[in-house]
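Just so you know, we're using numbering that gives the first Met the number 0 here: the sequence shown kicks off at 0 and counts up by one.
Hints in this document: simulated from the structure, not taken from any laboratory. Incorrect hints may appear among the rest.
With a straight-line Cα cutoff of 27 Å, these simulated DSS-like cross-link-like pairs (lysine-lysine) come out [claimed, not checked]:
(1) Lys235 with Lys210
(2) Lys235 with Lys203
(3) Lys350 with Lys368
(4) Lys473 with Lys517
(5) Lys235 with Lys284
(6) Lys210 with Lys158
(7) Lys137 with Lys210
(8) Lys432 with Lys473
(9) Lys338 with Lys350
(10) Lys29 with Lys255
(11) Lys203 with Lys255
(12) Lys134 with Lys158
(13) Lys2 with Lys203
(14) Lys158 with Lys137
(15) Lys329 with Lys365
(16) Lys551 with Lys627
(17) Lys326 with Lys284
(18) Lys284 with Lys203
(19) Lys165 with Lys137
(20) Lys255 with Lys235
(21) Lys134 with Lys235
(22) Lys338 with Lys284
(23) Lys473 with Lys627
(24) Lys158 with Lys29
(25) Lys235 with Lys338
(26) Lys368 with Lys338
Label pairs and their computed distance ranges (CB to CB) [stated by the list, open to error]:
(27) Gly300 with Leu212: 27 to 35 Å
(28) Trp425 with Phe205: 41 to 49 Å
(29) Cys143 with Gln252: 31 to 39 Å
(30) Arg489 with Ala112: 50 to 58 Å
(31) Val543 with Arg489: 22 to 30 Å
(32) Asn330 with Glu630: 53 to 61 Å
Every residue, glycine too, gets a C-beta built ideally from N, C-alpha and C.
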Amino acid sequence: MEKLFLTILNMSITASYVILIILAVRMLLKRAPKIFSYILWCVVLFRLVCPLSIEGMFSLLPSGNAAIPEVTVYQEPAMPENPNPNTADNSGHALQTPVRPADKTLPQLGMMAAAVIWLSGIIGMLAYSIRSLGKMRKLRRTACLYKKDEIQGILTRRKINIYNGKHVQTPFVIGILRPAIYIPIGLEESERSYIICHEQVHIKRFDYLIKPLAYLILCIHWFNPLVWVSFLLMEKDMELSCDERVLHDMGNQIRKEYASSLLALASGRRALNGGPLAFGENDIKSRIRNVLNYHRPAFWGILGSAVVLIIVSAGLICSPAARESMKWAKNLSPEDITKIELVVMPADEEKQYRVFAPEEYPEIVKLMKDSRGRYVREPEELAGGELSFYITTTDGVRHRYANSGNVYLVIDEDSYRASYGWLSRWDYEGDDKLPEGFFDGAQDNGEEMTGGADTGGITFPYSMGITPVTLADKSSVDVELVMTDGKLWRSDDPDFMYGGYFQDGENYVGQFELRTLKDGRVLDQMPVQLSQPELCFYGPVTLVTADYNGDKNPEFTLGSWVWSGGNEYNLYSIDTGGRLSLLSYIERHDEREASVLLDQPAPGSFAVNWYNQQSGEDEAVLYHWNGKNFEQEE
0 MEKLFLTILN
10 MSITASYVIL
20 IILAVRMLLK
30 RAPKIFSYIL
40 WCVVLFRLVC
50 PLSIEGMFSL
60 LPSGNAAIPE
70 VTVYQEPAMP
80 ENPNPNTADN
90 SGHALQTPVR
100 PADKTLPQLG
110 MMAAAVIWLS
120 GIIGMLAYSI
130 RSLGKMRKLR
140 RTACLYKKDE
150 IQGILTRRKI
160 NIYNGKHVQT
170 PFVIGILRPA
180 IYIPIGLEES
190 ERSYIICHEQ
200 VHIKRFDYLI
210 KPLAYLILCI
220 HWFNPLVWVS
230 FLLMEKDMEL
240 SCDERVLHDM
250 GNQIRKEYAS
260 SLLALASGRR
270 ALNGGPLAFG
280 ENDIKSRIRN
290 VLNYHRPAFW
300 GILGSAVVLI
310 IVSAGLICSP
320 AARESMKWAK
330 NLSPEDITKI
340 ELVVMPADEE
350 KQYRVFAPEE
360 YPEIVKLMKD
370 SRGRYVREPE
380 ELAGGELSFY
390 ITTTDGVRHR
400 YANSGNVYLV
410 IDEDSYRASY
420 GWLSRWDYEG
430 DDKLPEGFFD
440 GAQDNGEEMT
450 GGADTGGITF
460 PYSMGITPVT
470 LADKSSVDVE
480 LVMTDGKLWR
490 SDDPDFMYGG
500 YFQDGENYVG
510 QFELRTLKDG
520 RVLDQMPVQL
530 SQPELCFYGP
540 VTLVTADYNG
550 DKNPEFTLGS
560 WVWSGGNEYN
570 LYSIDTGGRL
580 SLLSYIERHD
590 EREASVLLDQ
600 PAPGSFAVNW
610 YNQQSGEDEA
620 VLYHWNGKNF
630 EQEE
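With the hints as constraints, model all of the structure from the sequences given.
Written out as structure tokens, the structure reads:
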């Protein structure tokens, strides 16, 4: 039941966009024949009952909110930006992890309670309708068949039974298979004629079927106030358009008499409580005003209103066409694939990677054909991990199809907000270590996936930035980070591929060294070496200095990408002669800047922050100075 409720809730929210647009268009059609406003509400009915999306080149719905029923209002709560180690991201963003379990008990109980309340509301509204119909049956038993030969066939070729009764307070139509008209006794002949004409228009247009259907839909979506507004305004437009049809067929000269008959019905009479399935004559004030102001519409007015109706209806019925990435995923076949690789991050080292056998391709393709979600132009930067399929097709292109933290479906560079229920069912794990260099120039089928012979337009050595540093003796030197080999990758390059350390903008990938300079003269230099064979920086680097070991010499960190949420770092020191020395290697610290200021909980120590996958908590790892270098506290 919870799943059904979520589907209804998602459809209702999507339909709310349609309702708001129709309310605005209805204001524009204020002077147009009310039949156009009435027809517009059929679009809302369609959106409230149809779980399928009709794609079109033209849609008035924004692409970020147009998907139906993928508008997902219930997700597992997003975790704070406490990233997990070793998480690779193909877009450069931090990711939400599906590995760290969330407490599902409370959300599930909440959704179960909401579903029970929703079902109770439906039962209550249906019970009210049945009770009201029971009252109507009493009126019908006391009513007598009214026979007048001259009223047979007015405005319709269908013969309709017309009844009158002393307990009928106001005219109404009731019935599904055999609709009948009920009118009060004691009406003037002219009043009776107008009223019967009005009710027969209802029957001719099948309003006696449309209104019960609308009420049934209202029962299902009773929790949405916009659906209530739609139902009431649709009912109003239905009555006003019916009045206009009578005036159109019988002539403008009856306006005053017709308005008088409406006024006579309202005067001294109690409103009919016939229930939502009957056509009681209500909102007399608006109807009288509309009747007195009615004029036959001009041809061009009708044409313009019809054009607006067609455009708006088509634009609201159709959702924006699916993006190319979604079409690719849904249309892929096993024969199009040459290789499928799985990368799971974070995970145990021996379970980060897997290569699928060809006989397993249909299973992955079946998953992809079920792709769903609302396209998100700018996805949130969430912390954590992902499960990614890297699919190489017969044309040599490698695609990425990923579950990002049970929140986003990622296809190449497109992100889709998908339902937690679907994403959480992805049950795959690796069986091997992640190949070295998988994300930075990985080899596939003997062909390099990224990289190239050119340097991206830069020449070596290339300065990545100079930082003035004050030494222990108050003198100063310049510390320069220099790129000695590699390539500048720009995200708008035609052969650029997201993954690993690659992110939007400029990516300086290659070999680097540090230099100290005094008046342009090199005092010392040292290659920058971390665990990765190539380092990546994203533009000019400014070093942040501090005294971590208490010897008065300036120290600074310099680090490069190791996972999507943070870097690995080296800690360097500079003595009064401008000589560089390496004091410590920091395996992981959850920051993305090239040089960071570390916390110093006590003299001769510093702390780095990282997320412990086993405990599920953020931890501060301490390093202590032993007189020669910093050692990590056990």
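Now for the hints, and whether the structure bears them out:
1. Lys235 with Lys210: Distance of about 11 Å is within 27 Å: holds.
2. Lys235 with Lys203: Holds, at about 18 Å.
3. Lys350 with Lys368: holds (26 Å)
4. Lys473 with Lys517: holds (14 Å)
5. Lys235 with Lys284: holds (11 Å)
6. Lys210 with Lys158: Holds. Lys210 to Lys158 sits at ~21 Å (cutoff 27 Å).
7. Lys137 with Lys210: holds (22 Å)
8. Lys432 with Lys473: violated (49 Å)
9. Lys338 with Lys350: Distance ~19 Å between Lys338 and Lys350 Cα, so the pair holds.
10. Lys29 with Lys255: holds (22 Å)
11. Lys203 with Lys255: holds (25 Å)
12. Lys134 with Lys158: Within the cut-off at roughly 26 Å; holds.
13. Lys2 with Lys203: violated (39 Å)
14. Lys158 with Lys137: The hint holds at about 24 Å.
15. Lys329 with Lys365: Distance of about 9 Å is within 27 Å: holds.
16. Lys551 with Lys627: holds (15 Å)
17. Lys326 with Lys284: violated (53 Å)
18. Lys284 with Lys203: holds (25 Å)
19. Lys165 with Lys137: With a Cα-Cα distance of about 12 Å, the restraint between Lys165 and Lys137 holds, given a limit of 27 Å.
20. Lys255 with Lys235: Cα-Cα ~20 Å, so holds.
21. Lys134 with Lys235: It holds: about 23 Å lies between the C-alpha atoms, which stays within 27 Å.
22. Lys338 with Lys284: Since the Cα atoms of Lys338 and Lys284 sit roughly 71 Å apart, the hinted pair is violated (cutoff 27 Å).
23. Lys473 with Lys627: holds (23 Å)
24. Lys158 with Lys29: violated (34 Å)
25. Lys235 with Lys338: violated (61 Å)
26. Lys368 with Lys338: Between Lys368 and Lys338 the Cα gap is close to 18 Å, so the pair holds against 27 Å.
27. Gly300 with Leu212: 27 to 35 Å: Holds: the Cβ-Cβ distance is about 30 Å, inside 27 to 35 Å.
28. Trp425 with Phe205: 41 to 49 Å: Given range 41 to 49 Å: holds, Cβ gap about 47 Å.
29. Cys143 with Gln252: 31 to 39 Å: Given range 31 to 39 Å: holds, Cβ gap about 32 Å.
30. Arg489 with Ala112: 50 to 58 Å: With Cβ atoms ~52 Å apart, the hint holds.
31. Val543 with Arg489: 22 to 30 Å: Holds, since Val543 and Arg489 (Cβ atoms, about 27 Å apart) stay within the stated range.
32. Asn330 with Glu630: 53 to 61 Å: holds (56 Å)
In summary, the structure is inconsistent with hints 8, 13, 17, 22, 24, 25 from the numbered list given earlier, while agreeing with the others.
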